[in-house]
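Asker: If you're matching them up, the sequences are chains R and S in order.
The first sequence begins at 884 in our numbering and counts up by one.
The second sequence begins at 2 in our numbering and counts up by one.
If you're looking for bench data, these hints aren't it; they were derived computationally from the structure.
Please note: incorrect hints may appear among the correct ones.
Taking lysine-lysine and the DSS-like style, the derived pairs with C-alpha atoms no more than 27 Å apart in a straight line are [to be verified]:
id: 1; chain 1: R; residue 1: 966; chain 2: S; residue 2: 325
id: 2; chain 1: S; residue 1: 325; chain 2: R; residue 2: 959
id: 3; chain 1: R; residue 1: 954; chain 2: R; residue 2: 913
id: 4; chain 1: S; residue 1: 352; chain 2: S; residue 2: 325
id: 5; chain 1: R; residue 1: 959; chain 2: R; residue 2: 913
id: 6; chain 1: S; residue 1: 146; chain 2: S; residue 2: 162
id: 7; chain 1: R; residue 1: 954; chain 2: S; residue 2: 325
id: 8; chain 1: S; residue 1: 28; chain 2: S; residue 2: 352
id: 9; chain 1: S; residue 1: 376; chain 2: S; residue 2: 325
Stretches of chain R that chain S covers, calculated by requiring three or more beta carbons in the stretch to come under 8 Å of a beta carbon on chain S [unchecked claim]:
id: 10; stretch: 999–1010
id: 11; stretch: 1028–1038
id: 12; stretch: 1070–1077
id: 13; stretch: 1121–1132
Even glycine gets a Cβ: it sits at the ideal position worked out from N, Cα and C.
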Amino acid sequence: MSLDGLSHLLARATALENEDPLLRNRILAKRRVALLFYESSTRTRTSFELAAKGLGADTTLVSSLSSSIEKGESLKDTGLTLKALGAEAIILRHNSSGAPWLLEEATRLPVLNAGDGMHEHPTQALLDLRTILAHLRPGAEALSAGTLDGVTVTIVGDILHSRVARSNMMLLPRLGARVLLCGPRELLPDLAANAGPGITVERDFDVALGQSQVVMMLRIQAERLAGQQLDLEEYKAGYQLTGPRLAAHVPTAVVLHPGPIIRGMEITAGVADGPQSAILEQVRNGVAIRMAVLERALTASEQGGRA
Amino acid sequence: MTALVIRGGHLIDPAAGVDALKDLLLKDGRVAEIAAPGKLKQTEGAEVLDATGLTVAPGLIDMHVHLREPGQGYKETIATGTAAAAAGGFTAVTAMPNTLPVNDSPEITRWMQAPERGAAIRVFPVAAATRGSKGEAINDFAALKSAGAVAISDDGCPILKDSIMRETLAAAARVGLSVIQHAEDTRLTHFTGGRASMNLGPTSFRLGLRAMPPEAESGMVERDIRLVTELRDTHVHLHVAHTSTAAALAAVHQARRNGLRVTCEVAPHHFLLTEEHVGLYNTNAKMNPPLRSAADRDAMIAGILDGVVDAIATDHAPHAVHEKEVEFENAPNGITGLETALGLSLRWLHKKWKMPLGRVLSLLSAQPAALLNLKGRGTLAVGSFADVVVFDPKAEWTYNARETKSKSRNTPFDGWTMQGKVRWTISEGRIAYSNPA
Chain R
884 MSLDGLSHLL ARATALENED PLLRNRILAK RRVALLFYES STRTRTSFEL AAKGLGADTT
944 LVSSLSSSIE KGESLKDTGL TLKALGAEAI ILRHNSSGAP WLLEEATRLP VLNAGDGMHE
1004 HPTQALLDLR TILAHLRPGA EALSAGTLDG VTVTIVGDIL HSRVARSNMM LLPRLGARVL
1064 LCGPRELLPD LAANAGPGIT VERDFDVALG QSQVVMMLRI QAERLAGQQL DLEEYKAGYQ
1124 LTGPRLAAHV PTAVVLHPGP IIRGMEITAG VADGPQSAIL EQVRNGVAIR MAVLERALTA
1184 SEQGGRA
Chain S
2 MTALVIRGGH LIDPAAGVDA LKDLLLKDGR VAEIAAPGKL KQTEGAEVLD ATGLTVAPGL
62 IDMHVHLREP GQGYKETIAT GTAAAAAGGF TAVTAMPNTL PVNDSPEITR WMQAPERGAA
122 IRVFPVAAAT RGSKGEAIND FAALKSAGAV AISDDGCPIL KDSIMRETLA AAARVGLSVI
182 QHAEDTRLTH FTGGRASMNL GPTSFRLGLR AMPPEAESGM VERDIRLVTE LRDTHVHLHV
242 AHTSTAAALA AVHQARRNGL RVTCEVAPHH FLLTEEHVGL YNTNAKMNPP LRSAADRDAM
302 IAGILDGVVD AIATDHAPHA VHEKEVEFEN APNGITGLET ALGLSLRWLH KKWKMPLGRV
362 LSLLSAQPAA LLNLKGRGTL AVGSFADVVV FDPKAEWTYN ARETKSKSRN TPFDGWTMQG
422 KVRWTISEGR IAYSNPA
């Protein structure tokens, strides 16, 4: 998506958020949107659903544990079935990287990626961007390659398995931000620095924090460790975001976390609930962003495609 | 059997040192006579193929093919796989043993060669090294050899245990068979709940795919070479299948400098494509070993041009359309290759990288024949099997996977330009494929 497209999307998120709910309801009135979820989700699923309903669309949820997916139905056939039932767009959360491309090719419907494996979580990056802009560039409208000049965002923890990290490290440097990736080798391979421009690996959490205006904490994705062993006490000593650490290195930085947070693991309760935390703000921004994304997918017919 | 005359063609037979206009007489499945144009003596009653302007060469030999029978006839049968082979100019293929059940017995080895299978060309089974290819109990190689097996391999299931691999190499050496290893340290590529699905590098990180480090291949090759070194006083022969990394190729090269009988093959996709071709999760770019880095790809080309690589083999691995229309991580490994190997080799190795035609053909016929000790094949000297490919070396054409003779069409080369159009493929004197201009 171009920067103009991004600017427009963010502007629409704000406009839709401020819109009279009764008028907003007409935008996608009675349009059919399917949520197809192969992984559990609280925030993403609920906010996509609220976003779709907020625009007047009818939604239906298919999750892998209570559908024919359990009986062995393929993603292609599940998608074709939803299309036959009248779905005009599918919101897909899947445990395999790349699944949205497969579904889009099979159904020729707009597929909104609600997180695919370890690959990307585009709407999360957009809502993170909205949160960051609200704090660091309030009032910014048109985005440019310099909007986030001078801003360093440190992403900390299980980068290897994180689609949130990938989406953010691809998006934020386009606006001029510098992204520091921070974590132990098992969760952050050196080659991550080659993923794109503006990305640096910094193993020392305190050093990274000292340069940051934004700190994005990630959960260790136990479900994707696939047999990998990790010394959690060592991990906490190196990478847990604590009150003292925050105070010592970044007393003014914005603290983000895509959730779910594991209190006492990557972040202490005090920081999560503290004044620098924008975690619940991120959640709130999710609805506005997803309204804008849904509107774009279902009204700009020539655009379609993934968010 | 009727006699066949191939007239007016340019015979290229690297093993016999022939590169000239020649007429050939094929009779009773053998090459009966070779003479200057118009000079054959005993052509009466023979069917005549006009090969004017065409190249006549020993039929191609693919030493790494999956024909899927027994057990997975929906992907490919011996009949359809060999029909595709014939269309690609091949007159012999070696069939890997990862069938269902695994070809670990003389019975299955014979079954694969039975006339009832309807093979268009010669099929030489490769038998499993261990029972069920489980890497534990070694099979009876003498019995497998007398049933027709031409090599030993647990292809797809690399033998991890040093003791079993050493025993396999030693036992195969005793009966004069080569051991073909799919070199992959699966301790580095399999994980709880799945397998890595592409090469480890920036691309795999970006795509969020679990990945195979190049060391999984080269480390296994190095281990195998250590074992060959220990057994160097025997007739041990290690052949490294589908070599894909610069480090593995370097290890083979070094082993050979040290006087060991270690050889290797490279597949067209590994000298033409890189991990970038995975694109947006194209399952027809998923195979094992995976597409590697550009540096590895360049090393394969250099190895072919320098003569370090002993053979080109396709690793033809057909899969049904529905099996590949799934999530990248869940898709089976492999692509088809029999119909594209010659066209790609001529276009790229010969035309682009200026490798002499005879050397390209040798990698596809004489050299695999020698590696597998296939007597009377890979050459068209008088008395050899009448295994011939006749092709138009100048013809350029576009490969259309939908027209394949294979049951499957999982290829990344659909729509690619090929050079060299096969006109006739002749297997032991019979026309197995014809496509006259």
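Asker: Would you mind marking each hint as holding or not holding in the structure?
Answerer: Checked hints:
1. Straight-line distance between C-alpha atoms of residue 966 of chain R and residue 325 of chain S comes to about 21 Å, which keeps the hinted pair within the 27 Å bound.
2. Distance check on the hinted pair: residue 325 of chain S and residue 959 of chain R sit about 11 Å apart at the alpha-carbon level, within 27 Å; holds.
3. Of the pairs offered as hints, the one joining residue 954 of chain R and residue 913 of chain R is violated, with about 30 Å between alpha carbons and a cut-off of 27 Å exceeded.
4. Distance restraint check for residue 352 of chain S and residue 325 of chain S: the Cα-Cα separation of roughly 32 Å exceeds the 27 Å cut-off, and the hinted pair is therefore not satisfied.
5. Under the criterion of a C-alpha separation no larger than 27 Å, the hint pairing residue 959 of chain R with residue 913 of chain R is consistent with the structure, at around 25 Å.
6. Straight-line distance between C-alpha atoms of residue 146 of chain S and residue 162 of chain S comes to about 24 Å, which keeps the hinted pair within the 27 Å bound.
7. For the given pair, residue 954 of chain R sits about 19 Å from residue 325 of chain S by alpha-carbon distance, which is consistent with the 27 Å threshold.
8. For the hint linking residue 28 of chain S to residue 352 of chain S, the alpha-carbon distance of about 34 Å lies beyond 27 Å, and the restraint is violated.
9. With a CA separation close to 38 Å, the supplied pair residue 376 of chain S and residue 325 of chain S exceeds the 27 Å bound.
10. Restraint check on the stretch 999–1010 of chain R versus chain S: 5 residues with Cβ-Cβ distances below 8 Å, three needed, restraint holds.
11. Interface restraint, the stretch 1028–1038 of chain R with chain S: violated (0 residues with C-beta to C-beta distance below 8 Å; minimum three).
12. Counting residues of the stretch 1070–1077 of chain R whose C-beta lies closer than 8 Å to any C-beta of chain S gives 4; at least three are required, and the coverage claim holds.
13. Counting residues of the stretch 1121–1132 of chain R whose CB falls under 8 Å from any CB of chain S gives 0; the rule of at least 3 is not met.
In the structure shown, a violation is registered for the earlier hints numbered 3, 4, 8, 9, 11, 13, in ascending order.
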